[in-house]
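Turn these sequences into a full structure, and let the hints steer you where they fit.
Just so you know, the protein sequences line up as chains S and Z, in that order. Note that the first sequence ends on residue 526 in UniProt numbering; no numbers are left out. Note that the second sequence ends on residue 312 in UniProt numbering; no numbers are left out.
Be careful, since some hints might not be right.
Unchecked claim - Computed from the model, here is a short list of chain Z residues facing chain S with C-beta under 10 angstroms: (1) SER3; (2) ARG4; (3) MET61; (4) ARG88; (5) GLY93; (6) TRP103; (7) ASN107.
Bear in mind the hints are in silico, worked out from the structure with no lab data behind them. In this text the structure is predicted, and so the values were computed from the model without any measurement. Heads up, the beta-carbon is just placed ideally off N, CA and C, and yes, glycines get one too.
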Amino acid sequence: MADLFEDYRLGPGWDEMFGEPSMPRSTYEALHATLQPLSSAELGIRAEVLARAFLDQGITFALKGVERPFPLDIVPRIIAAQEWRTVEIGVAQRIRALEAFLDDVYGAGQVLADGVVPRRIVVTSAHFHREAAGITPHNGVRIHVAGVDLIRDEQGTFRVLEDNVRVPSGVSYVMENRRAMAHVLPEVFAATRIRPVESYPAQLLRALRAAAPVGVNEPTVVVLTPGVHNSAYFEHALLAREMGVELVEGRDLVCVGNEVAMRTTAGEQRVDVIYRRIDDEFLDPVHFRADSVIGCAGLLNAARAGRVTIANAVGNGVADDKLLYTYVPDLIRYYLNEEPVLPNVETYRLEDDPDVLAHVLDRLDELVLKPVDGSGGAGIVIGSQATDEQLAAVRSLIEVDPRGWIAQREVALSMVPTLVGNRLRARHVDLRPFAVNDGENVWVLPGGLTRVALPEGALVVNSSQGGGSKDTWVLTDVSGPAEEAPVEEAPVVVVPSPRSPDPGPSAGPVAVQQQQQQQSAREAQC
Amino acid sequence: MLSRIAESLYWIGRYVERAEDTARILDVHLHRMLADPWVDEQTACRSLLGVMGVSSVDGPMSVARVVGLLGLDEHNPSSVVGALAAARENARGARETVSSEMWETLNATWHGLPDARRRVEQQGVHAFFRWVRERCSVLAGLTDATMSRDEGWLFLVLGRSVERVDMTARLLSTHVRAGGSIPSWLTLLRSCGAWETYLRTYRGSLDDRHAAEFLLLDRLFPRSVFAALSSAESCLAELEPDPSRAGVATDAQRIVGRSRTNLEFRGADELMADLGSVLAGLERTCSQVNDAVSRRYFRQTSAVLWVSEAVA
Numbered sequence: 001m002a003d004l005f006e007d008y009r010l011g012p013g014w015d016e017m018f019g020e021p022s023m024p025r026s027t028y029e030a031l032h033a034t035l036q037p038l039s040s041a042e043l044g045i046r047a048e049v050l051a052r053a054f055l056d057q058g059i060t061f062a063l064k065g066v067e068r069p070f071p072l073d074i075v076p077r078i079i080a081a082q083e084w085r086t087v088e089i090g091v092a093q094r095i096r097a098l099e100a101f102l103d104d105v106y107g108a109g110q111v112l113a114d115g116v117v118p119r120r121i122v123v124t125s126a127h128f129h130r131e132a133a134g135i136t137p138h139n140g141v142r143i144h145v146a147g148v149d150l151i152r153d154e155q156g157t158f159r160v161l162e163d164n165v166r167v168p169s170g171v172s173y174v175m176e177n178r179r180a181m182a183h184v185l186p187e188v189f190a191a192t193r194i195r196p197v198e199s200y201p202a203q204l205l206r207a208l209r210a211a212a213p214v215g216v217n218e219p220t221v222v223v224l225t226p227g228v229h230n231s232a233y234f235e236h237a238l239l240a241r242e243m244g245v246e247l248v249e250g251r252d253l254v255c256v257g258n259e260v261a262m263r264t265t266a267g268e269q270r271v272d273v274i275y276r277r278i279d280d281e282f283l284d285p286v287h288f289r290a291d292s293v294i295g296c297a298g299l300l301n302a303a304r305a306g307r308v309t310i311a312n313a314v315g316n317g318v319a320d321d322k323l324l325y326t327y328v329p330d331l332i333r334y335y336l337n338e339e340p341v342l343p344n345v346e347t348y349r350l351e352d353d354p355d356v357l358a359h360v361l362d363r364l365d366e367l368v369l370k371p372v373d374g375s376g377g378a379g380i381v382i383g384s385q386a387t388d389e390q391l392a393a394v395r396s397l398i399e400v401d402p403r404g405w406i407a408q409r410e411v412a413l414s415m416v417p418t419l420v421g422n423r424l425r426a427r428h429v430d431l432r433p434f435a436v437n438d439g440e441n442v443w444v445l446p447g448g449l450t451r452v453a454l455p456e457g458a459l460v461v462n463s464s465q466g467g468g469s470k471d472t473w474v475l476t477d478v479s480g481p482a483e484e485a486p487v488e489e490a491p492v493v494v495v496p497s498p499r500s501p502d503p504g505p506s507a508g509p510v511a512v513q514q515q516q517q518q519q520s521a522r523e524a525q526c
Numbered sequence: 001m002l003s004r005i006a007e008s009l010y011w012i013g014r015y016v017e018r019a020e021d022t023a024r025i026l027d028v029h030l031h032r033m034l035a036d037p038w039v040d041e042q043t044a045c046r047s048l049l050g051v052m053g054v055s056s057v058d059g060p061m062s063v064a065r066v067v068g069l070l071g072l073d074e075h076n077p078s079s080v081v082g083a084l085a086a087a088r089e090n091a092r093g094a095r096e097t098v099s100s101e102m103w104e105t106l107n108a109t110w111h112g113l114p115d116a117r118r119r120v121e122q123q124g125v126h127a128f129f130r131w132v133r134e135r136c137s138v139l140a141g142l143t144d145a146t147m148s149r150d151e152g153w154l155f156l157v158l159g160r161s162v163e164r165v166d167m168t169a170r171l172l173s174t175h176v177r178a179g180g181s182i183p184s185w186l187t188l189l190r191s192c193g194a195w196e197t198y199l200r201t202y203r204g205s206l207d208d209r210h211a212a213e214f215l216l217l218d219r220l221f222p223r224s225v226f227a228a229l230s231s232a233e234s235c236l237a238e239l240e241p242d243p244s245r246a247g248v249a250t251d252a253q254r255i256v257g258r259s260r261t262n263l264e265f266r267g268a269d270e271l272m273a274d275l276g277s278v279l280a281g282l283e284r285t286c287s288q289v290n291d292a293v294s295r296r297y298f299r300q301t302s303a304v305l306w307v308s309e310a311v312a
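Printed below as a string of structure tokens:
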């Protein structure tokens, strides 16, 4: 039988499955052993089942108003327990440092006075909102949810690509991917100990409840969505459903006297915590874009008065400005007195030093150029793949506004076998782990969203650029206990002893049945 | 429950019922038109369109055009396909409230519509209508089996009941409009899926009075106008936790209750004598209930538009 991996070629960059051709790494052995004997037709059938399930369940993202299924590749990505430990510690460390930084820039500003980060960088950030100054969250948390994008470089080292501490999306696919994969690859699940991901909504709800305003014991939590036409609407609905809270749109909310309420069939009901999935600019037309019809007027004042908690906090964008990203290792040393666990990708700041700028402009065709306030892969220019016109265009943009850009070394992202057509091919992936901060502890979901760039050689893995995703398996330590934190202590349930099901009505005594049969037999003979 | 969500659930109930009933009505009428050589296609088609609320259509009428207008027009929320699409769109906006299984059924149905269209071309309309009925039944079953009997369910069932009254009244109107001959009572009973039950109930005797009595007044048959009104009435009663001291608490309850007693206490003979206005009254009732329910439970101020003004 043909080997499914027979013509699989290792690409540039770290291959997650193979150390060398045909030799799977130990973490991938069970998966490899299951896939190898399958024919490409069999694998194709399973992939179709997977796609069909996603379509039926409406697991989609909207691109330019058209709903599309978010393609899930059938080959999962596997991360060993120790590797994950590094990711977990490194991500939590960054979140703690960024929390301290946000508290500082919207408060005392010590980090600016000490010259660790130039004041200029903060105040020129498009996402620094003076409106947020002076709003101090009750439990100190501003980053309730974070998605930190990681890549593995050519040596297999995880590096941070960017931080997302505004409204990171994608966690719903982490949960849905797992459910779907368990249906189509049950045999690998049986042979592998994978850490579960379904506790995310419970962890998120706990963090949101912990962030409730002072004096509210039983907070009403809601998820605020822009509406069904938003690209991440599927996720908003899933989170609301799995947390058992209302999914509201701006028009469902009303602010009066710094109190926020939602309109229900029984009148207005108070809201205490809003997990908003709307950008700052659209959140509150009183303070931001006056033409926003998806926000709710008065939210920010209610938050300032401490009557409602907005999660994530307004103004967080200053912490994921890509220029600030270059300072995060310093921030970790400054606030935590620790060395960064996860290194950044080598990055050039373009406005400090004319020599650096000149050096970068000379080598545009070798570097990756990113606008500092972009998201979703928009505006990124990969020098080696760009045309001369594109390079000239980005050069003039950078010359006009060096503050608006960073340049990074082009990293050959790690690769994972991916079903393309009916064969497996090496494709580049990244990883977005999700962290939840409840004020005492930064919890990192053991999994995360692995995005895969489907075109050969493509390095931009964003879903808006035609990417797909992979289920991401974090393996357990063989020795360690299952360390999922129990959310609530389970009540004792008394299960009644099983009994056999009630029998249905009988067809009458055997004699009756026999006579019925004889009767029809005799009729047939007549 | 959020007003917006309550409204969505109410409309899911209405649209799914509309899709199913329209499919039933079309199926039976088209079948009769084809099977009965004495039916004038033009007249029968126009009559059917008029009853279903499509009056201003120019040009020669044909069965194919009726199927296009009432069956497959995706932009018309009164056509079968349009109603299913509208139900799905409402469910999408209320996804955290409807059960996953209900959502998946609606969503898969919606995704199946292009195939269904092909089915019309290849296997004829009947196969399409049967598919629609099946999908609606699956949904009704899942609503029954997976939805908690809370406010959301009450709104969904309320919507379904209101629509059922409306559609059954329209169905009966097709009979009155055509001068009481086309379609026959047999056709009407079949449209409602009531034929066999009717035969069992009246031991096979088919006459106008009994058929009208069955579709309007039967207490046990779930598609009768009386049963649907009663079901709407009890949903409305449950939505109001405190009954008023005198009379009933809300406009909607008053309207439905009056309509129900009007049927109940007039008896079949009197109803038959005045069938046209009875049916028109029922259609009016439905639109009044709809307004009253919207005013009481779904009222939403529209989104506020903030305009920044230059300071003088």
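Verification of the supplied hints:
no.: 1; hint: SER3; result: holds, 5 angstroms
no.: 2; hint: ARG4; result: holds, 6 angstroms
no.: 3; hint: MET61; result: violated, 35 angstroms
no.: 4; hint: ARG88; result: holds, 9 angstroms
no.: 5; hint: GLY93; result: holds, 5 angstroms
no.: 6; hint: TRP103; result: holds, 7 angstroms
no.: 7; hint: ASN107; result: holds, 5 angstroms
In this structure, only the earlier hint numbered 3 is contradicted, and the remaining ones agree with it.
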